[in-house]
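Enquirer: Below, each chain spelled out in residue letters.
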Amino acid sequence: MIVYIVLLPLLAAIIAGLGNKVLGKLPAKLVTTGALFASCAMSWPIFLSYVAGGAEPTTVPLFTWLQSGSFNAMWELRLDALTAVMLVVITTVSALVHLYSWGYMEEEPDQPRFFAYLSLFTFAMLMLVTANNLLQMFFGWEGVGLASYLLIGFWFRKPSASAAAIKAFVVNRVGDLGFMLGIFGTYLVFDTISIPEILAAAPSMAGSTIGFLGSRLDTMTVLCLLLFVGACGKSAQLGLHTWLPDAMEGPTPVSALIHAATMVTAGVFMVCRLSPMFETSETALHVVTYVGAATCLFAATVGTVQTDIKRVIAYSTCSQLGYMFFAAGVGAYGAAMFHLFTHAFFKALLFLGAGSVIHAMHHEQDMRYYGALRKEIPITFWAMTAGTLAITGVGIPGTLFGFAGFFSKDSIIESAYAAGGPGTTAFIIGVFAALLTSFYSWRLVFLTFFGAPRWAGSEHIQHAVHDAHGHGDHHDHPDEEDAGHHDSPSHAHSQGPVVGTAGYHPHESPWVMLLPLVVLSAGAVLAGFLFHGAFIDPEGGAQFWDASTLAFNEHLMHASHEVPKWVKWSPFVVMLTGLTVAWLAYIRHTDWPARFTATFRELYAFLLNKWYFDELYDAIFVKPAFSIGRFFWKRGDIGLIDRFGPNGMAALVVAGGRVTRRLQSGYLYTYALVMLMGLAAAVTWAITR
Amino acid sequence: MNGFPLLSLMLGVPMAGAVACLYSNAATARMIALIATVINLALGVVLWLNFDQSASAAQWQFQEYAPIFGRFAWALGIDGIALTLIALTVFLMPICILASWEAIEKRVGEYMAAFLFMETLMIGVFGAQDIFLFYIFFEAGLIPMYLIIGIWGGVDRIYASYKFFLYTLLGSVLMLVAMLWMTREAGTTDIPTLMAYDFDPRVQTWLWLAFFASFAVKMPMWPVHTWLPDAHVQAPTAGSVILAGVLLKMGGYGFIRFSLPMFPDASAQFAWLVFGLSMVAVIYTSLVALVQSDMKKLIAYSSVAHMAIVTVGLFAFNQAGIEGAMMVMLGHGLVSGALFLCVGVIYDRLHTREIDRYGGLSINMPKYALLFLLFTMASVGLPGTSNFVGEFLALMGVYEASSLVALVATTGIILGAAYMLYLYRRVAFGDLTKDDVRAMPDLSARELVMLVPIALAVLWMGVYPESFLRPMRADVQAVVARLAHAKPAGDAHVTAGKPQHAATHGAPETHEAAGEAH
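Keeping their order, the protein sequence lines are chains G and V.
Residue 100 in the numbering used here sits at position 100 of the first sequence; the count goes up by one each step and never skips.
Residue 498 in the numbering used here sits at position 498 of the second sequence; the count goes up by one each step and never skips.
Calculated directly from the structure, the hints in this document are not laboratory data.
Please note: incorrect hints may appear among the correct ones.
[Said to hold, decoys possible] One-sided and incomplete, this derived list gives chain V residues near chain G with beta-carbon spacing under 8 Å:
{"no.": "1", "residue": "ALA196"}
{"no.": "2", "residue": "TYR197"}
{"no.": "3", "residue": "PRO383"}
{"no.": "4", "residue": "THR410"}
{"no.": "5", "residue": "THR411"}
[Said to hold, decoys possible] Simulated pairs of lysine-lysine, DSBU-like, Cα-Cα distance not exceeding 30 Å:
{"no.": "6", "chain 1": "G", "residue 1": "LYS21", "chain 2": "V", "residue 2": "LYS367"}
{"no.": "7", "chain 1": "V", "residue 1": "LYS434", "chain 2": "G", "residue 2": "LYS21"}
{"no.": "8", "chain 1": "V", "residue 1": "LYS106", "chain 2": "G", "residue 2": "LYS25"}
{"no.": "9", "chain 1": "G", "residue 1": "LYS623", "chain 2": "V", "residue 2": "LYS367"}
{"no.": "10", "chain 1": "G", "residue 1": "LYS21", "chain 2": "G", "residue 2": "LYS158"}
{"no.": "11", "chain 1": "G", "residue 1": "LYS158", "chain 2": "G", "residue 2": "LYS25"}
{"no.": "12", "chain 1": "V", "residue 1": "LYS367", "chain 2": "G", "residue 2": "LYS158"}
{"no.": "13", "chain 1": "G", "residue 1": "LYS158", "chain 2": "V", "residue 2": "LYS434"}
{"no.": "14", "chain 1": "G", "residue 1": "LYS25", "chain 2": "V", "residue 2": "LYS367"}
{"no.": "15", "chain 1": "V", "residue 1": "LYS367", "chain 2": "V", "residue 2": "LYS434"}
{"no.": "16", "chain 1": "G", "residue 1": "LYS623", "chain 2": "G", "residue 2": "LYS158"}
{"no.": "17", "chain 1": "G", "residue 1": "LYS634", "chain 2": "G", "residue 2": "LYS623"}
The beta carbon of each residue, even a glycine, is placed where N, CA and C say it ideally should be.
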């Protein structure tokens, strides 16, 4: 079964990819989407059997991959509770995204390639989560990186898209450097790369030291941190996050699948998969906590000022990944996985909803040109609202009434408080980030769906209207462009967008796009309520996670249920606060944002420019790499080595006399002849003596 | 099968073809060359299938011996290491002939003869068991390469070929002197015997350096690499393929066949030198590759960086490192060969190697874009392709020796991704803005026949490298055993914190090695 789940998407990708032009669009779409729905249908029963309890971890070996000395890596598919969670997340979101793309990519001439890439991605992601050894995990890790590269660069004619694709790949490679060194070190220490064997032996290694770069360090800390560098790359944690916002250059279904629901959570998955290993190093866990918390805060602050709808959601993803990491860092792996699970549904929903908005707004992604879309695209509006309720964690503390994010995020915040130590810092940051989350999420909803239409300022809309004029079928009332001109005070500012519809009529998306939204909305509403027992309940979780490698901490989960009331209520309070501020700023007093940016100009610029990470990296890595490369080439190779090496020798020889100059004249066979004659003479001398 | 002189036959077929080509017109010469190389490929398959890969098999198989004069003999024979390299050679040769099918128009007969002659010499290098026979093949292999660059090359071909000559000359002379001394000392020219002979460690130092001078140039290692970009740029496509695919592997083969087993103590003593040069090479040449505007130069510099992974793997002194180095050599042979073919494909259409002249090829050449992508990814070392297997093993091997070297060498995966993807972006991505580029047709059937087999081989080596590791396993073990007494202690060994449990894992090997080092 598991073999089919994993290999069907690969098969579909090959058929659609190589069949491309021969097969045509429809068969390519049918075969890939069909394969994914089949995989999805097979995955849910497996997952439910683990939720129900009684299912055991199994491993299906396929064949030897790489063997050298005692190093042995098999191609094998591991199935346990942790894999099962990822299976349903990956196959469900992927199947829905495939379906959604039928509508979203309708006008794209190159559809078979797109669907082939999507299925290829799914295959690689499934290889990652079914890995039973670190090398196969790395295979999946790089495989999803490849698919991500291809999909970000799908619209390769756009320079920004191909630049973003390279950036994603190369930044991820920085993480992979850590991952690879982590594998090397792990093999050296444990003499195996089989995950269960490593985890079994890890506790006995606690306290030992290892030589690394000339110093002696705690073995497990070194190994965990090296692997964690890999996790940071793939999961876009602070420092290695710069690729994720740029990755929004890819088509929106890709963002939903890869850059929200699945690939970017691979780092969290890895830490949870190897959690018994991380448990042996307190230092490593502290680092995980702090990095997670820092990312959570950083991304949330940046998310509050972005104007591109996809970038807001991208930073939101980055921030939510931070939650997952600090949950893992404080030892609440169950909560981390739970948030991964619920987040997959509501974040995929938000992205696909954003895609639906973009589709309706003729590829306009700037929220400043949205507004008043509530009535135009009602289903999308309700789906986005469900997603927003889920991500902001709406729910009543102490009861089981709440959206998906309420269960998972609150559990993370409570666990962080209960864990103490660095968890306390994480708790404070987590609560503050929840405030920001609520603010930017509702800001997105209010800017997009409420207020007056500001479509007239958008070039995309202008184009759309212009085209319609050109076709002569839809001539709209010209006075509509001025409709509501006096509504918006923000228009008083010169840089404020033009208010008006420009005569444009957004259309709700076709059913193939709406159906995934509806299904994911159900997930965003119900996933928390239905599965919190298995993921984070002290007893239920212990039983569920027992069939996996995840180090479930019953005591911590107990403690997290018994935190003080104010701790339980604080996420609720900040959620309401964020909502209120967003409502005030974007519905009630729409002049506030402009006044805020005018007052805190530096802060605003700092946030808008994403803390200047890109500029910093450009100045200290990218530019120097090129100039040093040029220096080595011009000064090193040509100016030094060649000048004093072959050219210098040639000059000497030329100066030496006519005979030798004739040798330099390029009669190659002369050299060869001389060499062979010399050789023959020497050899004869040596052998016959 | 072992009694049949298969290796001599494999040397003879291309030789006979070469002679025939010299006296044929263009069309016939092409056909003769193709047939001869395909026959040799078939013989190579026969060789592979009849090579006993079982654990109990003899190390040297297909041995032939015919004394010529004195101690000098026509002695051939292969082990698994040589087998894989011969397989690589015979696999690439028909592809090279096909690559030259239309690109070469002047003096076709001589050109084909040079290629066939070179095939003989390359197989001879890997099959020779007499040290002087090896030397002849090793050095004579350069003659056809000189000719190919010097006659059918680009504008600056004379400069490129004499640069190559100057570099090679010094190394060769020193190596020959060392060989002469060795055969006098050991009283034999038989390579297997010499591999087991214990030279005085003090003398080893000098012998090692003499061989190093030759192999380092061939590899090429930094800073004696500057001949390579020029040679590649000036060589015709097929010349580049053979140069990158097989000739560069002779240096690595030399290390594994001579330097390591014959001078283990000196190898250990100079490991720091090899590591140092390799670390510089990875960073230095990768950065230089990043700023190239000529495609062939870019790939040539990337070859230097990849070969540095080979050298660090070899001097890791362990199974993973040496097997990894071998796999990098095989994988790089396929992948860089294929990349040069990819350059050749578009060079044939537009007659320029300037990267900026292209762009948007994914639109009008989708098949080309797909294959070029595959080879780019393989060059970057994506898991599932041949190069990953090799790089991973080699770097893992060297981690045991030195975590610092492993760290620096592994940065190659970041830099490699940067320059290769930057190249791919400029060639295949972007919009089709230039009319002459827009008019370029996609791959022809002939070009597909060249590239698709390499693509399949790259994937095969990536997914099931066992096919290639199995034949060489015992031979690599023999080299590792030979090195065991000289192996330096690694810096990454574990010191137990809790004595009762911790001592059982990982620690023993490295301590053992430390203890045995004298």
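Enquirer: Now tell me if each hint is right for this structure.
Expert: Status of each hint after checking the structure:
1. ALA196: violated, 21 Å
2. TYR197: Since the shortest Cβ distance to chain G is 16 Å, the answer is violated.
3. PRO383: holds, 4 Å
4. THR410: holds, 5 Å
5. THR411: holds, 6 Å
6. LYS21(G) with LYS367(V): holds, 11 Å
7. LYS434(V) with LYS21(G): Holds, because 24 Å separates the two Cα atoms, which is no more than 30 Å.
8. LYS106(V) with LYS25(G): violated, 46 Å
9. LYS623(G) with LYS367(V): violated, 34 Å
10. LYS21(G) with LYS158(G): holds, 22 Å
11. LYS158(G) with LYS25(G): holds, 23 Å
12. LYS367(V) with LYS158(G): holds, 21 Å
13. LYS158(G) with LYS434(V): holds, 16 Å
14. LYS25(G) with LYS367(V): Holds. LYS25(G) to LYS367(V) sits at ~17 Å (cutoff 30 Å).
15. LYS367(V) with LYS434(V): holds, 20 Å
16. LYS623(G) with LYS158(G): Holds, at about 22 Å.
17. LYS634(G) with LYS623(G): Within the cut-off at roughly 17 Å; holds.
Of the numbered hints stated above, those contradicted by the structure are hints 1, 2, 8 and 9, listed in ascending order.
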